[in-house]
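One letter stands for each residue in the lines below.
Protein chains: 2
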Amino acid sequence: MSQEQGITPRAKDFSAWYNDAVMRAELADYSPVRGCMVIRPNGYAIWELMQAALDRMFKDTGHRNAYFPLFIPQSFLAKEAEHVEGFAPEVAVVTRAGGKELEEPLVVRPTSETIIYDSFAKWIHSYRDLPLLINQWANIVRWEMRTRLFLRTTEFLWQEGHTAHVDEADAEREARQMLAVYRRFDEEWVAMPVITGVKTDSEKFAGALRTYAVEALMQDNKSIQAGTTHNLGQNFAKAFGVQFQTADGGLDYVWNTSWGVSTRMIGGLVMTHGDDVGIVCPPRLAPVQVVVVPIYRSDEERAAVLAAAEQAARTLRDGGVRVELDAREGMKPGAKYYEWEGRGVPLRLEVGPKDVAKGQVFAARRTGGKAPIPVAGLTDGVRAALDEIQAALFKAAVERREANTRRGVTKDELLAMMAGEGGFAYGGYCGNEACEQAIKEATKATIRVLPDEEFRSPTAPARCAWCGSKSVVEAVWSKAY
Amino acid sequence: MSQEQGITPRAKDFSAWYNDAVMRAELADYSPVRGCMVIRPNGYAIWELMQAALDRMFKDTGHRNAYFPLFIPQSFLAKEAEHVEGFAPEVAVVTRAGGKELEEPLVVRPTSETIIYDSFAKWIHSYRDLPLLINQWANIVRWEMRTRLFLRTTEFLWQEGHTAHVDEADAEREARQMLAVYRRFDEEWVAMPVITGVKTDSEKFAGALRTYAVEALMQDNKSIQAGTTHNLGQNFAKAFGVQFQTADGGLDYVWNTSWGVSTRMIGGLVMTHGDDVGIVCPPRLAPVQVVVVPIYRSDEERAAVLAAAEQAARTLRDGGVRVELDAREGMKPGAKYYEWEGRGVPLRLEVGPKDVAKGQVFAARRTGGKAPIPVAGLTDGVRAALDEIQAALFKAAVERREANTRRGVTKDELLAMMAGEGGFAYGGYCGNEACEQAIKEATKATIRVLPDEEFRSPTAPARCAWCGSKSVVEAVWSKAY
Numbered sequence: 166m167s168q169e170q171g172i173t174p175r176a177k178d179f180s181a182w183y184n185d186a187v188m189r190a191e192l193a194d195y196s197p198v199r200g201c202m203v204i205r206p207n208g209y210a211i212w213e214l215m216q217a218a219l220d221r222m223f224k225d226t227g228h229r230n231a232y233f234p235l236f237i238p239q240s241f242l243a244k245e246a247e248h249v250e251g252f253a254p255e256v257a258v259v260t261r262a263g264g265k266e267l268e269e270p271l272v273v274r275p276t277s278e279t280i281i282y283d284s285f286a287k288w289i290h291s292y293r294d295l296p297l298l299i300n301q302w303a304n305i306v307r308w309e310m311r312t313r314l315f316l317r318t319t320e321f322l323w324q325e326g327h328t329a330h331v332d333e334a335d336a337e338r339e340a341r342q343m344l345a346v347y348r349r350f351d352e353e354w355v356a357m358p359v360i361t362g363v364k365t366d367s368e369k370f371a372g373a374l375r376t377y378a379v380e381a382l383m384q385d386n387k388s389i390q391a392g393t394t395h396n397l398g399q400n401f402a403k404a405f406g407v408q409f410q411t412a413d414g415g416l417d418y419v420w421n422t423s424w425g426v427s428t429r430m431i432g433g434l435v436m437t438h439g440d441d442v443g444i445v446c447p448p449r450l451a452p453v454q455v456v457v458v459p460i461y462r463s464d465e466e467r468a469a470v471l472a473a474a475e476q477a478a479r480t481l482r483d484g485g486v487r488v489e490l491d492a493r494e495g496m497k498p499g500a501k502y503y504e505w506e507g508r509g510v511p512l513r514l515e516v517g518p519k520d521v522a523k524g525q526v527f528a529a530r531r532t533g534g535k536a537p538i539p540v541a542g543l544t545d546g547v548r549a550a551l552d553e554i555q556a557a558l559f560k561a562a563v564e565r566r567e568a569n570t571r572r573g574v575t576k577d578e579l580l581a582m583m584a585g586e587g588g589f590a591y592g593g594y595c596g597n598e599a600c601e602q603a604i605k606e607a608t609k610a611t612i613r614v615l616p617d618e619e620f621r622s623p624t625a626p627a628r629c630a631w632c633g634s635k636s637v638v639e640a641v642w643s644k645a646y
Numbered sequence: 166m167s168q169e170q171g172i173t174p175r176a177k178d179f180s181a182w183y184n185d186a187v188m189r190a191e192l193a194d195y196s197p198v199r200g201c202m203v204i205r206p207n208g209y210a211i212w213e214l215m216q217a218a219l220d221r222m223f224k225d226t227g228h229r230n231a232y233f234p235l236f237i238p239q240s241f242l243a244k245e246a247e248h249v250e251g252f253a254p255e256v257a258v259v260t261r262a263g264g265k266e267l268e269e270p271l272v273v274r275p276t277s278e279t280i281i282y283d284s285f286a287k288w289i290h291s292y293r294d295l296p297l298l299i300n301q302w303a304n305i306v307r308w309e310m311r312t313r314l315f316l317r318t319t320e321f322l323w324q325e326g327h328t329a330h331v332d333e334a335d336a337e338r339e340a341r342q343m344l345a346v347y348r349r350f351d352e353e354w355v356a357m358p359v360i361t362g363v364k365t366d367s368e369k370f371a372g373a374l375r376t377y378a379v380e381a382l383m384q385d386n387k388s389i390q391a392g393t394t395h396n397l398g399q400n401f402a403k404a405f406g407v408q409f410q411t412a413d414g415g416l417d418y419v420w421n422t423s424w425g426v427s428t429r430m431i432g433g434l435v436m437t438h439g440d441d442v443g444i445v446c447p448p449r450l451a452p453v454q455v456v457v458v459p460i461y462r463s464d465e466e467r468a469a470v471l472a473a474a475e476q477a478a479r480t481l482r483d484g485g486v487r488v489e490l491d492a493r494e495g496m497k498p499g500a501k502y503y504e505w506e507g508r509g510v511p512l513r514l515e516v517g518p519k520d521v522a523k524g525q526v527f528a529a530r531r532t533g534g535k536a537p538i539p540v541a542g543l544t545d546g547v548r549a550a551l552d553e554i555q556a557a558l559f560k561a562a563v564e565r566r567e568a569n570t571r572r573g574v575t576k577d578e579l580l581a582m583m584a585g586e587g588g589f590a591y592g593g594y595c596g597n598e599a600c601e602q603a604i605k606e607a608t609k610a611t612i613r614v615l616p617d618e619e620f621r622s623p624t625a626p627a628r629c630a631w632c633g634s635k636s637v638v639e640a641v642w643s644k645a646y
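Just so you know, the protein sequences line up as chains X and S, in that order. Adding 165 to a residue's 1-based position in the first sequence gives its number in the working numbering. Adding 165 to a residue's 1-based position in the second sequence gives its number in the working numbering.
Hints listed in this document are in silico derivations from the structure and should not be mistaken for laboratory results. Among the hints, a few may not be true.
Since the list gives no way to pick out one identical chain from another, each pair is judged satisfied if it fits inside one copy or across any two copies.
Straight-line C-alpha distance at most 27 Å; calculated BS3-like pairs for lysine-lysine [stated by the list, open to error]:
#	residue 1	residue 2
1	K501	K287
2	K244	K576
3	K501	K224
4	K644	K497
5	K609	K177
6	K403	K369
7	K403	K605
8	K644	K369
9	K497	K287
10	K605	K635
11	K635	K369
12	K265	K403
13	K387	K497
14	K605	K576
15	K644	K560
16	K644	K519
Quantities reported herein were computed from a predicted structural model and do not represent experimental measurements.
Model the full assembly from the supplied sequences, consistent with the hints where possible.
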């Protein structure tokens, strides 16, 4: 697409729309390295805001950041049987370094459980050292065959929490707590509603006892995993010898958890809020929350308008609003609007001669609607507008999800839904993996989660949506990214 | 070393002291991957404070963060002749990924000029796109033979600035500006005095036109490069075709700069301020600036003392001080002191029954000296103490450097100095690389910089310190990390 041609409408080709919206906003770019992307400043600024919000929540729950090696000895990966089976096919391997062949090849981390728990084994001696609550911000490499900007790339950025606990209950509490943190981040910052629940065995993390996830429905009615937490049990502790002296003098293996979200969330943000003009940034994650555009025709108007626009920008900046003044010469206001809309800036303030005369600015919301804001009380007025936009984005996303959710689906309904519009399909599940696999083969939909109580249907389904035998648990099916 | 044995005195073995101090403060740990380290939470917290300070300065000078791929096609490195010669011997190479041999091996970035300027070629079209001011926070891999925690590791964390400009003057201004930013960071945050200047051709960055550096003298009288900036000229622009339309309608190659500091700075911090007890954190980079330790003998005392200690910690936290309350039971105050001293916490507040009665806390500085601070005005008193410690650390480092600096050295003095105590040796230089190499072979000292005017000797040296022929420029020699 070129800027002049606009971008592909969502209804025509959602996938093409996504790429166009990302490119138009200059969030990312393709790179000469297969499957790797370049995160451009506009995209990285969103990631920085995401990092700041998450990091604050991690620290408030007692976690500390650390950094572990990029490289993992190949033998480490093999120490946990399910883990190596899950990750071995997609690793990148360093075989040569410093001009020599390595004796043992090094894997570029696809996740860091193994290298981190090796350190934990050195650091943990007694129950007094527990819980150990660590987080790492890092780059990760998984050799993916089909890649999409942000959604699936060979290299991506993420955070990975890794903790060790005295018993299963404490590890479970941690896995649940961090799931709640992710939910809060998704809902309050990304303005993206999620459902929470546990994964089935076939969908859980390689090496975990239980995997929990938050799942969000995108505008094309496919689901994205927007955060995942794992109760790893004692699997890795046994593989890496992470033992501790218990309070009563015994010796036991620690219980681990791990949890992560990645730059994929930027893709989730785009696909939740974007429209046919481009991306829409929820105000709390918008690198530029407000753009001020001066409008004038003559030199006379110019001086007064520019002064008012500068003053408005200064007032907002002093008030803690992330604001840009677009005073570029030789560029029409309409062209500026187009550019900032494509970047998803939630609020535009237009300042023309009439506005100066009236002591106001004219506020245009990226989500639609225009209204003046008096210059007296500008910061409060802008803050209120940003809060409303944030709330409206969340509300619209909730409504869209609800409109695309079916409950108590039968086999025929599930087949029709996944062959058609997609969405979240709630139905009974017999717990037999054969049904799960058969549904996946027939519809490409997977069980996203066995939903937590809060999200379950008022009446528990009686029959498995697929085989009709007794349902043991409610499941949510969807196609997914 | 074990905690009970204390750490090796600096005078006995500075290198052993350094490792002991780093381990005792739990800043880092060895890893099972050759030459890679684990940055533990205490060390990473210092890095986070360094990042925050630098990132603010980069943004204030108009730079934006972005992220480029970890992997670089091997052919990219070869496009700039000096660059590949400089880095090829120390790269780690991915030859296998996703279960297959790669057609073209991928180098794990040893620095990112090549992969970044490939993107710049796509993004830059006209002089209106310039200057382009980008920074990246990233991990870097260089296959080093002899490694030391923080100072030289196979993998390290850094930031690398990469910019493009319309002409040489603007690139030069940028290289100089960022050198000044590094100097300010080193002096005002790390409390580490530096000298600035330009590198000789033999010491410059592989592919640069000119390399500037800030150099700091450690307690063992060896120098550390504490930030470096490069005017890359048009070398990389020509190799990667980064062209732009000039204001007058012509076509030209951009002028690039790059600049970086790394986790090595943590090693510099340790070697500048540490003493025989362990590390000393300058307050502005101390993850814990103040530790509050309650002191009591009886249960009666306990309640009042704990309440006062908690109140003090709360007051300081509300005042923006990074404070910890160490209320651990079953641990004597002395053991707590020992632990926090080893972590380099600049100020300890002791709260005993007498202090409670007097409405004061007793403040012990990590750098020596004890004095009460009244509870009324606690935050101001603590802030003043922290400012004084920060200033005193800088002053002591300046004095130590001056005491270990000789000016106008002769050949014999240079030889004696480098065979003995070391330090900064200022002397005349004929500009002949043969002399530079001969000195390096005879003394292991290198020209750290040709110092900027501000640091030059009042009288320019007349003769080359080595060959005695006419000096063309003053040089500063030192052994270095």
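Okay, the hints, checked on the actual structure:
no.	hint	in the structure
1	K501 to K287	between (57 Å within a copy, 22 Å between copies)
2	K244 to K576	neither (41 Å within a copy, 59 Å between copies)
3	K501 to K224	between (40 Å within a copy, 23 Å between copies)
4	K644 to K497	neither (44 Å within a copy, 59 Å between copies)
5	K609 to K177	within (21 Å within a copy, 68 Å between copies)
6	K403 to K369	within (19 Å within a copy, 50 Å between copies)
7	K403 to K605	neither (34 Å within a copy, 52 Å between copies)
8	K644 to K369	within (16 Å within a copy, 54 Å between copies)
9	K497 to K287	between (63 Å within a copy, 25 Å between copies)
10	K605 to K635	within (20 Å within a copy, 82 Å between copies)
11	K635 to K369	within (24 Å within a copy, 74 Å between copies)
12	K265 to K403	neither (34 Å within a copy, 31 Å between copies)
13	K387 to K497	neither (39 Å within a copy, 59 Å between copies)
14	K605 to K576	within (12 Å within a copy, 80 Å between copies)
15	K644 to K560	within (23 Å within a copy, 64 Å between copies)
16	K644 to K519	neither (52 Å within a copy, 68 Å between copies)
Figure legend: structure checked against the earlier numbered hints; hints not met, in rising order: 2, 4, 7, 12, 13 and 16.
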